[in-house]
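Participant: Here is how the chains run, residue by residue.
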Amino acid sequence: MAEPLLRVENLKTQFFTDAGTVRAVDGISFEVHEGEIVGLVGESGAGKSVASMSLLRLVESPGEIVGGEITYKGETIFGLEEGPDGDLREREDMLSNVEMRDRIRGNEIAVIFQDPMESLNPVFTVGGQLREFIELNRGLGKDEARQEAIQMLREVGIPDPAERYHEYPHQFSGGMRQRVLIAMALACEPNLIIADEPTTALDVTVEGQILELVDDLQEKYDTSFIWVTHDMGVVAEICDRVNVMYLGEIIEQAPVDELFHATKHPYTTALLNSMPRPDRTVEELEPIEGVMPEAITPPSGCRFHPRCPDAREVCKRVHPDNEVIEHAAGYPHRAACVKHDVFDVGYDESVPLEKEPQVTAGTPGGGEEQ
Amino acid sequence: MGLLRYTIGRLIQAIPVLIGITVITFILANLAPGDPVRLMLQGQEVDQELIERVEQQYGLDRPIHERYATYMINLLQGDLGYSIHRDRPVTDLVIQRSGPTLMLVLSAYAFALATAIPLGILAATRRNEPTDHISRIVALIGVSTPSFWIGIMLILVFAIQLGVLPSSGLVYPWWGPDHYGYSGYPELIYQTIRHLLLPMIALGTLQMATLMRVERTQMIESLQGEYVKLARAYGVPERTILRKHAFQVAQLPIITIVGLNLSTALGGAVLIEYVFNINGLGRLLLEAIIGLDYQLIMGITVVIGTMFVVGVIITDISYAYVDPRVTYGDRD
Amino acid sequence: MAIGESQLDSDGPSEDVDAQFGWRYTFGKVMQDTTARWGLYVVAFVLLVSAYTLIDSNLSRLTFGAVSDFAAAEALPIFEHPERIPPPGEIDGNVPPAFHPDGTLSHPLGTDPDGRDYFTRIVYGAQVSVSVGIVSTMIGFVGGTIIGAVSGFYGGRVDDILMRIVEIIYAIPPLILIIVFIVFVSGGTPDIRYAVIGVGITFIPIFARIIRSEVLSVREMDYIEAARASGVKNRNIILRHVIPNSFAPVLVYASLQIGVTILVVAGLSFLGFGAQPPTPDWGQMLNVSHGYMHSNVWLSIWPGVAILVTIMGFNLFGDGLQDALDPRIND
Numbered sequence: 001m002a003e004p005l006l007r008v009e010n011l012k013t014q015f016f017t018d019a020g021t022v023r024a025v026d027g028i029s030f031e032v033h034e035g036e037i038v039g040l041v042g043e044s045g046a047g048k049s050v051a052s053m054s055l056l057r058l059v060e061s062p063g064e065i066v067g068g069e070i071t072y073k074g075e076t077i078f079g080l081e082e083g084p085d086g087d088l089r090e091r092e093d094m095l096s097n098v099e100m101r102d103r104i105r106g107n108e109i110a111v112i113f114q115d116p117m118e119s120l121n122p123v124f125t126v127g128g129q130l131r132e133f134i135e136l137n138r139g140l141g142k143d144e145a146r147q148e149a150i151q152m153l154r155e156v157g158i159p160d161p162a163e164r165y166h167e168y169p170h171q172f173s174g175g176m177r178q179r180v181l182i183a184m185a186l187a188c189e190p191n192l193i194i195a196d197e198p199t200t201a202l203d204v205t206v207e208g209q210i211l212e213l214v215d216d217l218q219e220k221y222d223t224s225f226i227w228v229t230h231d232m233g234v235v236a237e238i239c240d241r242v243n244v245m246y247l248g249e250i251i252e253q254a255p256v257d258e259l260f261h262a263t264k265h266p267y268t269t270a271l272l273n274s275m276p277r278p279d280r281t282v283e284e285l286e287p288i289e290g291v292m293p294e295a296i297t298p299p300s301g302c303r304f305h306p307r308c309p310d311a312r313e314v315c316k317r318v319h320p321d322n323e324v325i326e327h328a329a330g331y332p333h334r335a336a337c338v339k340h341d342v343f344d345v346g347y348d349e350s351v352p353l354e355k356e357p358q359v360t361a362g363t364p365g366g367g368e369e370q
Numbered sequence: 001m002g003l004l005r006y007t008i009g010r011l012i013q014a015i016p017v018l019i020g021i022t023v024i025t026f027i028l029a030n031l032a033p034g035d036p037v038r039l040m041l042q043g044q045e046v047d048q049e050l051i052e053r054v055e056q057q058y059g060l061d062r063p064i065h066e067r068y069a070t071y072m073i074n075l076l077q078g079d080l081g082y083s084i085h086r087d088r089p090v091t092d093l094v095i096q097r098s099g100p101t102l103m104l105v106l107s108a109y110a111f112a113l114a115t116a117i118p119l120g121i122l123a124a125t126r127r128n129e130p131t132d133h134i135s136r137i138v139a140l141i142g143v144s145t146p147s148f149w150i151g152i153m154l155i156l157v158f159a160i161q162l163g164v165l166p167s168s169g170l171v172y173p174w175w176g177p178d179h180y181g182y183s184g185y186p187e188l189i190y191q192t193i194r195h196l197l198l199p200m201i202a203l204g205t206l207q208m209a210t211l212m213r214v215e216r217t218q219m220i221e222s223l224q225g226e227y228v229k230l231a232r233a234y235g236v237p238e239r240t241i242l243r244k245h246a247f248q249v250a251q252l253p254i255i256t257i258v259g260l261n262l263s264t265a266l267g268g269a270v271l272i273e274y275v276f277n278i279n280g281l282g283r284l285l286l287e288a289i290i291g292l293d294y295q296l297i298m299g300i301t302v303v304i305g306t307m308f309v310v311g312v313i314i315t316d317i318s319y320a321y322v323d324p325r326v327t328y329g330d331r332d
Numbered sequence: 001m002a003i004g005e006s007q008l009d010s011d012g013p014s015e016d017v018d019a020q021f022g023w024r025y026t027f028g029k030v031m032q033d034t035t036a037r038w039g040l041y042v043v044a045f046v047l048l049v050s051a052y053t054l055i056d057s058n059l060s061r062l063t064f065g066a067v068s069d070f071a072a073a074e075a076l077p078i079f080e081h082p083e084r085i086p087p088p089g090e091i092d093g094n095v096p097p098a099f100h101p102d103g104t105l106s107h108p109l110g111t112d113p114d115g116r117d118y119f120t121r122i123v124y125g126a127q128v129s130v131s132v133g134i135v136s137t138m139i140g141f142v143g144g145t146i147i148g149a150v151s152g153f154y155g156g157r158v159d160d161i162l163m164r165i166v167e168i169i170y171a172i173p174p175l176i177l178i179i180v181f182i183v184f185v186s187g188g189t190p191d192i193r194y195a196v197i198g199v200g201i202t203f204i205p206i207f208a209r210i211i212r213s214e215v216l217s218v219r220e221m222d223y224i225e226a227a228r229a230s231g232v233k234n235r236n237i238i239l240r241h242v243i244p245n246s247f248a249p250v251l252v253y254a255s256l257q258i259g260v261t262i263l264v265v266a267g268l269s270f271l272g273f274g275a276q277p278p279t280p281d282w283g284q285m286l287n288v289s290h291g292y293m294h295s296n297v298w299l300s301i302w303p304g305v306a307i308l309v310t311i312m313g314f315n316l317f318g319d320g321l322q323d324a325l326d327p328r329i330n331d
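Protein chains in written order, with UniProt numbering: chain A, 1 to 370; chain B, 1 to 332; chain C, 1 to 331.
The reader is advised that the hints may include incorrect statements.
Said to hold, decoys possible - Below 35 Å or equal to it, Euclidean Cα-Cα: the simulated DSBU-like pairs (lysine-lysine) are:
| id | chain 1 | residue 1 | chain 2 | residue 2 |
| --- | --- | --- | --- | --- |
| 1 | B | K244 | A | K142 |
| 2 | A | K73 | B | K244 |
| 3 | B | K229 | B | K244 |
| 4 | A | K316 | A | K73 |
| 5 | A | K220 | B | K244 |
| 6 | B | K229 | A | K73 |
| 7 | A | K316 | B | K229 |
| 8 | A | K220 | B | K229 |
| 9 | A | K220 | A | K142 |
| 10 | A | K73 | A | K142 |
| 11 | A | K220 | A | K316 |
| 12 | A | K220 | A | K73 |
| 13 | A | K12 | B | K229 |
| 14 | A | K316 | B | K244 |
No lab work stands behind these hints, which were simulated from the structure alone.
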């Protein structure tokens with residue numbers, strides 16, 4: 001297989017707060033190949049956004065990348081080595097901050113943020129902002145950049161782009177603003193776009209339009225995407241391969257069809273069961289029990305065990321890595337659950353855990369008292 | 001187009017406020033106990049004939065609403081009444097004394113903005129570092145110190161002890177170099193600045209301190225905005241983010257506060273004019289009060305109130321100019 | 001009615017508010033903040049000093065007592081109660097402070113041109129400034145609370161009219177409005193009482209605006225709806241539910257406003273519209289010393305330092321209180 005566009009290995013990002021160290025991203029590994037859309041799925045608080053900002057080295061204080069390696073097109077975005085005094089230090093070949101800014105951010109890896117309302121600067125025209133990023137990342141002159149910006153606005157389906165170029169963000173609807181942000185990302189001609197929940201703030205019909213647009217444009221420009229979302233429906237619609245995150249870890253990694261049809265991790269199963277589908281009624285939805293614990297004090301063993309229907313005594317003790325369970329479509333299918341044979345830690349002999357009564361978030365249907 | 005409509009709307013809104021100012025001033029002037037004419041002429045030999053003549057001249061023998069109507073009609077024609085002690089129309093006096101006050105207040109603002117904005121940004125970017133703590137202390141002292149005492153201390157140090165700057169009066173550049181016997185415009189400008197320096201700092205310190213803190217808070221907030229994250233993610237250099245992306249948004253509240261604080265500055269000008277012997281509206285007010293010069297006091301109050309209202313309108317319009325959301329009416 | 005009200009009391013959010021904004025909780029928060037703690041110390045110190053001057057009846061009788069005692073009070077040096085009161089001319093004016101070569105320890109800050117001990121006068125100034133600051137703020141606070149609550153609660157035309165008036169008063173710079181008020185109301189013979197009332201009235205609009213916006217948000221709460229529905233009189237709703245629940249931000253503002261008030265009153269006294277001689281007021285002392293700037297520098301320094309320290313104390317305390325009560329604004 002060809003060298004991946006982006007390789008993330010054992011990435012760890014932590015936040016050093018007064019209350020303690022929050023291990024927001026705790027050793028995740030994944031790859032993105034050219035031309036594919038890779039999903040990063042999980043509940044809010046799973047560390048998806050921190051992970052994606054880590055890729056650009058834009059984690060904000062008090063957060064810090066503390067370990068792992070990020071390689072983009074053979075260049076080291078982040079990497080540590082052991083120094084002569086035994087301490088870890090940044091590797092010689094790691095890109096400097098200036099290089100990150102001038103060469104990587106925008107022109108190689110672009111982002112689309114979650115909130116189209118807040119992401120555009122309210123006091124500058126939409127066109128002006130677009131043009132600035134194009135000038136900066138493609139080295140075009142003012143006029144060329146303007147032409148390009150208008151062209152890009154047309155491309156993402158904004159009517160009268162030449163006129164709307166001069167308008168301010170508050171004159172655009174939410175969907176239109178998200179289109180502008182997509183135009184921004186594409187206009188810089190990056191090889192990888194990180195889309196951080198770009199459709200979450202939009203209503204469903206607009207979301208559909210945006211997903212369709214991205215699909216078309218992705219085909220046309222052959223850009224790779226990392227698609228961060230909590231919505232399995234979006235994943236099914238757009239992603240080629242998926243990483244499911246839980247409490248800072250990737251607990252399942254598979255091509256999209258495998259993930260949906262040969263699910264290997266109970267958490268993924270739970271996510272899928274909680275997703276509204278046309279073939280199920282509301283009563284049949286199964287919300288995931290409990291709430292995700294704080295990343296500051298993760299549960300022992302498997303982090304999902306307190307909420308897991310399949311949890312056994314062994315799950316409290318053994319912390320499973322994300323191991324290859326099988327291969328499918330040329331990609332490995334990984335899962336971090338000891339119930340699979342590769343782990344061989346005695347799951348089958350272990351006693352099932354007594355379910356402690358847990359507070360469940362309000363369920364549709366209600367009436368859970370037994 | 002949007003801006004022009006907004007401006008006109010703002011001016012129309014100001015009319016009731018301006019009328020209100022005259023009403024309040026008029027009510028206050030009629031609160032005085034006893035016979036206003038006797039109070040006005042206190043200390044002088046009073047004969048009945050004089051009192052009657054003055055009463056008639058001021059229309060004091062007529063009911064209050066009639067007097068107010070007359071006052072307003074005259075006001076609309078630019079006539080603020082007549083100063084009995086100075087034997088001159090109030091309008092003339094007020095116009096003559098407005099220049100120094102405006103010069104003082106505007107220069108104080110220039111000083112405050114020129115220092116507060118860079119210092120506020122510096123404090124914001126070095127949050128919780130020594131620079132930030134020092135700026136906090138400076139701001140705290142700035143808002144806690146009476147401006148007139150700052151003036152006194154500045155005079156003590158720079159005029160009396162060091163003898164490098166003048167302690168009283170201003171030089172008004174519009175009178176030209178010949179009026180002061182200066183060699184030419186360069187010396188005129190030099191002297192203007194020299195005279196303005198101390199009162200400007202004394203009046204501007206409070207504004208500087210307030211604006212510095214606001215600037216800091218706003219910059220911190222703005223730097224945490226999603227649009228700043230976006231700019232960073234697109235490789236915009238930190239300097240540009242600071243100077244353009246974050247700065248522009250952070251300036252919006254500053255503009256509003258500059259307008260609202262104008263009332264503190266205009267009030268403070270009275271004190272500073274007193275300390276530095278500047279012949280502005282404030283000193284005129286104090287002089288008018290000594291003689292209980294009713295119409296002059298009222299005239300000055302109305303003019304200063306108007307200055308404030310106009311100032312706020314100007315800042316509102318600049319706000320609308322900077323923030324495109326205002327003119328379209330979808331800002332809450 | 002009684003039943004309705006007592007029920008509402010238990011339904012209202014007052015318990016939650018107590019849990020979050022209780023006095024002990026607030027005090028604890030304030031004490032956690034270093035600057036606020038220092039502010040509290042300074043305020044406490046100034047309050048103690050001014051309280052002392054009230055307790056020491058001998059001193060205060062001599063300084064503030066019957067008019068016939070003024071001559072005595074004027075001549076009184078600090079803390080050494082004289083056997084006899086020196087007649088004018090015998091007193092020693094303009095003694096420099098203790099650290100000056102010509103100074104004496106009996107007058108640590110020297111004497112003023114009339115021979116009165118400057119330290120005593122500074123100490124008495126605390127009482128004047130603090131009481132004036134607090135009383136004026138109270139007037140603004142109470143007046144503003146009533147107007148703001150009524151305006152916000154009734155809305156509509158009442159609100160329009162009240163807010164227009166507030167806006168107009170706002171348009172005249174406070175210091176000038178107060179001066180004009182004092183001059184006209186007193187008929188040309190200013191007095192500290194007029195200053196206190198004038199300052200208080202002038203600050204009503206500011207308080208009214210704040211409490212109005214609070215009331216507007218409280219008004220929509222369910223428990224107010226419930227009170228209305230069960231027929232509680234508007235006046236009672238305002239007094240028992242709206243005002244208590246809109247209180248915290250206004251209180252914070254009031255604590256910050258005391259500093260501003262002291263500043264304004266000092267300015268008024270400096271111009272001669274506040275405390276009148278022989279009352280030892282810091283602003284008025286600076287007015288006197290203004291004429292001695294070339295000869296007796298120290299006269300201009302001490303009252304200013306006293307004002308600065310006092311106001312700084314109140315500002316620090318107010319800032320800390322704000323941080324403690326409003327976690328949104330944190331530095």
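Participant: Each hint should be assessed against the structure and marked as holding or not.
Facilitator: Results for each hint:
With a C-alpha separation of about 17 Å, the suggested pairing of B/K244 with A/K142 holds against the 35 Å cut-off. For the hint pairing A/K73 with B/K244, the CA-to-CA distance comes to about 32 Å; that is within 35 Å, so the pair holds. Restraint check: the Cα-Cα separation between B/K229 and B/K244 comes to about 14 Å, which is no more than 35 Å; the hinted pair holds. With a C-alpha separation of about 39 Å, the suggested pairing of A/K316 with A/K73 is violated against the 35 Å cut-off.
Restraint check for A/K220 and B/K244: the C-alpha separation of about 34 Å stays at or below 35 Å, so the hint holds. Our distance criterion of 35 Å between C-alpha atoms is met by B/K229 and A/K73, whose separation comes to about 24 Å. This hinted pair does not check out: A/K316 and B/K229 have alpha carbons roughly 39 Å apart, beyond 35 Å. A C-alpha spacing of about 28 Å is found between A/K220 and B/K229, which places the hinted pair at or below 35 Å, so the restraint holds.
A hinted pair counts as satisfied when its Cα atoms are at most 35 Å apart, and A/K220 with A/K142 qualifies at roughly 26 Å. The hinted pair formed by A/K73 and A/K142 meets the criterion: a straight-line CA distance of about 30 Å does not exceed 35 Å. Proximity of A/K220 to A/K316 is assessed by CA-CA distance (about 48 Å); at most 35 Å being required, the pair is judged violated. Only pairs whose Cα atoms come within 35 Å are accepted, and A/K220 paired with A/K73 is accepted, the gap being roughly 21 Å.
For the given pair, A/K12 sits about 21 Å from B/K229 by alpha-carbon distance, which is consistent with the 35 Å threshold. The straight-line distance between the Cα atoms of A/K316 and B/K244 is roughly 52 Å, outside the 35 Å bound, and the hint therefore fails.
In this structure, the earlier hints numbered 4, 7, 11 and 14 are contradicted, and the remaining ones agree with it.
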